[in-house]
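If you read the protein sequences in the order shown, they are chains A and B.
Per the working numbering, the very first residue in the first sequence carries number 1; after that it's consecutive.
Per the working numbering, the very first residue in the second sequence carries number 1; after that it's consecutive.
To be clear, the hints were calculated from the coordinates, so they are not data collected in a lab.
Keep in mind that this is a model prediction, so the values were computed, not measured.
Please note that the accuracy of each hint is not assured.
[Unchecked claim] Covered stretches of chain A, going by a simulated chain B footprint (3 or more residues, C-beta under 8 Å): (1) 243–251; (2) 291–305; (3) 356–370; (4) 387–393.
[To be verified] According to the in silico footprint, chain A covers these stretches of chain B (three or more CB under 8 Å from chain A): (5) 8–20; (6) 98–109; (7) 152–159; (8) 170–182; (9) 187–197; (10) 356–362; (11) 429–439.
[Said to hold, decoys possible] Which chain B residues stay away from chain A? Per the calculated CB distances, all over 12 Å, these: (12) Val49; (13) Arg256; (14) Arg370.
Just so you know, even glycine gets a beta-carbon here, dropped at the ideal spot from N, CA and C.
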Amino acid sequence: MLLQSIPLVFVLAGLALYVVLGGADFGAGFWQLFAGRGERGERVREFAHRSMGPVWEANHVWLIFVLTVFWTAYPTAFGSIASTLAVVLFIALLGILFRGATYAFRAGASTDRELGRIDTIFSFSSILTPFALGAAVGGIATNRVPVGNAADHLFSSWLHPTSIFIGVLAVASCAYLSAVYLAADAARDGDHALEREFRLRALGAGVLAGVIAVGGIFIVNADYHTLFHSLLSGRALAAVIASFVVGLVTLMLVYGRRYEPARYCGAVAVAAIVAGWALARWPTILPGLTVDQAAAGHDTLVWVIACVLGGGVILFPSLALLFRLALAGRFQSTESNAADEIARPLHAIRPGLVARLAVALLIAGFGLLNIANAEWAHAVGIVCLFCVVVLGFRAIVFSALGEDAALK
Amino acid sequence: MGGLSVAGAFAPVDQHYLLQARQMQALSFAVHIPLVCFGIAFPVMVLFVEWLGHRTGDRLYLTLARRWTKVMAALFGVGVITGTVLSFEMGLLWPNFTGTFGSVFGVGFAIEGFSFFLEAIFIGIYVYGWGRLSPRWHLASGIPIVLTGFTGSLMVIAVDAWMNHPSGFRLHDGKVVDVHPFKALFENSYLWHELVHMYVAGYIVTGFIVAGWYAFCRLRRSGPPTRYERTALVVPLTIAALAAPLQILVGDWAARDVATTQPIKLAAIEGLYKTTRGAPEHILGWYTDNQLKYGIEIPHLLSILSFHSWNAAVQGLDSVPPGLRPPVNVVHWAFQIMVGIGTMLAVLGVVYLAIWIWKKRLPESIWFYRALVVAGPLAVVALISGWVVTEVGRQPWVVYGVMRTDAAVTGAHGIPVGYGALAASYVVIACGLGWVLRRLARAPLDVPVETPAELQAA
Numbered sequence: 001m002l003l004q005s006i007p008l009v010f011v012l013a014g015l016a017l018y019v020v021l022g023g024a025d026f027g028a029g030f031w032q033l034f035a036g037r038g039e040r041g042e043r044v045r046e047f048a049h050r051s052m053g054p055v056w057e058a059n060h061v062w063l064i065f066v067l068t069v070f071w072t073a074y075p076t077a078f079g080s081i082a083s084t085l086a087v088v089l090f091i092a093l094l095g096i097l098f099r100g101a102t103y104a105f106r107a108g109a110s111t112d113r114e115l116g117r118i119d120t121i122f123s124f125s126s127i128l129t130p131f132a133l134g135a136a137v138g139g140i141a142t143n144r145v146p147v148g149n150a151a152d153h154l155f156s157s158w159l160h161p162t163s164i165f166i167g168v169l170a171v172a173s174c175a176y177l178s179a180v181y182l183a184a185d186a187a188r189d190g191d192h193a194l195e196r197e198f199r200l201r202a203l204g205a206g207v208l209a210g211v212i213a214v215g216g217i218f219i220v221n222a223d224y225h226t227l228f229h230s231l232l233s234g235r236a237l238a239a240v241i242a243s244f245v246v247g248l249v250t251l252m253l254v255y256g257r258r259y260e261p262a263r264y265c266g267a268v269a270v271a272a273i274v275a276g277w278a279l280a281r282w283p284t285i286l287p288g289l290t291v292d293q294a295a296a297g298h299d300t301l302v303w304v305i306a307c308v309l310g311g312g313v314i315l316f317p318s319l320a321l322l323f324r325l326a327l328a329g330r331f332q333s334t335e336s337n338a339a340d341e342i343a344r345p346l347h348a349i350r351p352g353l354v355a356r357l358a359v360a361l362l363i364a365g366f367g368l369l370n371i372a373n374a375e376w377a378h379a380v381g382i383v384c385l386f387c388v389v390v391l392g393f394r395a396i397v398f399s400a401l402g403e404d405a406a407l408k
Numbered sequence: 001m002g003g004l005s006v007a008g009a010f011a012p013v014d015q016h017y018l019l020q021a022r023q024m025q026a027l028s029f030a031v032h033i034p035l036v037c038f039g040i041a042f043p044v045m046v047l048f049v050e051w052l053g054h055r056t057g058d059r060l061y062l063t064l065a066r067r068w069t070k071v072m073a074a075l076f077g078v079g080v081i082t083g084t085v086l087s088f089e090m091g092l093l094w095p096n097f098t099g100t101f102g103s104v105f106g107v108g109f110a111i112e113g114f115s116f117f118l119e120a121i122f123i124g125i126y127v128y129g130w131g132r133l134s135p136r137w138h139l140a141s142g143i144p145i146v147l148t149g150f151t152g153s154l155m156v157i158a159v160d161a162w163m164n165h166p167s168g169f170r171l172h173d174g175k176v177v178d179v180h181p182f183k184a185l186f187e188n189s190y191l192w193h194e195l196v197h198m199y200v201a202g203y204i205v206t207g208f209i210v211a212g213w214y215a216f217c218r219l220r221r222s223g224p225p226t227r228y229e230r231t232a233l234v235v236p237l238t239i240a241a242l243a244a245p246l247q248i249l250v251g252d253w254a255a256r257d258v259a260t261t262q263p264i265k266l267a268a269i270e271g272l273y274k275t276t277r278g279a280p281e282h283i284l285g286w287y288t289d290n291q292l293k294y295g296i297e298i299p300h301l302l303s304i305l306s307f308h309s310w311n312a313a314v315q316g317l318d319s320v321p322p323g324l325r326p327p328v329n330v331v332h333w334a335f336q337i338m339v340g341i342g343t344m345l346a347v348l349g350v351v352y353l354a355i356w357i358w359k360k361r362l363p364e365s366i367w368f369y370r371a372l373v374v375a376g377p378l379a380v381v382a383l384i385s386g387w388v389v390t391e392v393g394r395q396p397w398v399v400y401g402v403m404r405t406d407a408a409v410t411g412a413h414g415i416p417v418g419y420g421a422l423a424a425s426y427v428v429i430a431c432g433l434g435w436v437l438r439r440l441a442r443a444p445l446d447v448p449v450e451t452p453a454e455l456q457a458a
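With the rest of the complex left out, here is chain A (with noise of 0.2 Å):
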């Protein structure tokens, strides 16, 4: 039961990273469109864009940590939720697709009705995708994705009260989450036009989303009122109280102007309504399929779990040099990069030594290889091949562009 509960847990927790970090860029999009108009507008979109430029794909990987351990680990239950949610999951496809085209697309643009066009798309798809995904949730919730291949409607699965109010409730929350993030940012460049901006927008998306949240319920309680009790009840309850007692907090930290504080309690209130959803449903996947049920064998399960710990060893730390980069700021600063003063010439190596070794290894590789038949041949041969490659590319390379460095 353990084992094969673990690998959930790290689906959730990706979920929940991707939320809160994913979430924050696709909410910078929502920013982005209602950014105002004229200078003060402008502002507003380059200082989001600016933010996420540099995070954005190692926030939008968590998305695809969770497809690869779900499928791994419980490889029915995707197959059953990707076909039967192949719309909704598609259209969050295409969303995903526009706004990762329109980060790369913004490099070339050099006019503001350049950059104000891509912006535009980007920020349609940074609102289409989240809506889209929280759908996808909302059929899963509530019980609309049976075991099988495609084997419920492809469109009532997810267009149905609970799937609407989830997917504007992620909007909601993304666009929350990345004002706050938005206005700390603003507060560590002393930039205190921004940060007033980024502020009203936050409290403004916190009432909505809390708004909406316990709206969200009523609508919930007529839609399915299955999930509707489990939600509010045992330990989901606490979990749901806690989401709810955590985002108040939050509020109160933006109104008090302690971003840093609230940019981490907003994530705790993220990971504990993705807990209570999780809590709820357990130990069921989908209907009539549980965890125990849908898990992949004992081996998988180990390596899956082997994986991601001895990925996580190596994840973390550089995610943490990656953000401790990007919210010192370092990113920020401009100064232009000079060559270092220790400079040396390019020394051409002795081409007829390099020749014969290349030759010889040439034909060692060759031999082993192509004529011998042995794996360990094949690997050995494939080495030479290799060395040959590494020793021609030094040599030609060397004295073609040694020549110009002499000629200076």
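Given the coordinates of chain A, assemble chain B onto it according to the supplied hints.
Then chain B, alone, in the frame of chain A:
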């Protein structure tokens, strides 16, 4: 092989648009794979040029590395999303494949996810760290990009090699039991030639495309090339010129593995209907009425290449029922195109190397540079043809000899709509990417660039 194919985790479905689902998957691969090549090889070139800059103290190299970094970042960004499309399609198009075998191959993608994660993190640090990190740390932040580019392709190709040569599980009443992910993914003899073949292809594609661009610039304007242009040409061209001939040797190794492990794929590549001793090799030709017509026949060559023996028997397509044969002409022609282009690229590389060895200079003929301009796009064509050989040659199986592709496909309707929407999006994104790259190329240089002759005069 034969009748043992499994139905999978879910009940069979009736999908009218299997071919469209396969084409949509093929389109997604064809768009993503050239970007993967840049992910594999371009960081190495950028880092090398940056290292040259720090080593020699020459600003020109740093300028080049910095401009290439912008291109690398744009291509990586697009690669992130085209890769996301592929991971969604695992469920959107092939839920029964993933739902049945996810526990066998999934660990490969989980590790790939981590390596992609690290790649994204360090690309972020490297791209935004220019001029903000110390030179030493900046260079160091690029090294994980190179390593994760390798581990990422290792993992994805481990999964593909498993699909072509499955092991590490047992089938019991149509269910997958006794799963050993490590054995399935990494104790697979099929992995290594696929990995090396693709890795070398990454350098060939990237090298010829980048070199081709600077060759194009050189042809477009008169006067001798500047030092900047020379450097930007020599680095990618030298790598591609060395890798292209090497690829022929790697390809021979790959073909011998295919001959022993997937004989029907080999038979489709060669259009060989009857199992034959001392089989001939055919160049070009069209497969019709169970034979390859109009081709140039070289006696005994197929047996020699595949099994190093004059009279070895090569299994023909007739050894399996017609329903288990891949579409012969697609596979045969994809192979002809790959080998034909690969050979031409290798000749181009050898010409360049020979001129260096005997004349100690760059080629001067205008025809060499014209050939170089064409070489980049051709290398992409060869790359995609090679993947067509592997993946179409595997048909009708998704997991070779175990699960048929028509059992893997989704039961959802509307595949043509999704296919059309994705194709249209890719057209828009391709146009946008072309626009960005042109803009980046047109940005003025911020260092003086002299021609060697001007330097000599000064």
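Just pull the numbers of the violated hints for me, sorted ascending. Per hint list: 1, 7, 12, 13 violated.
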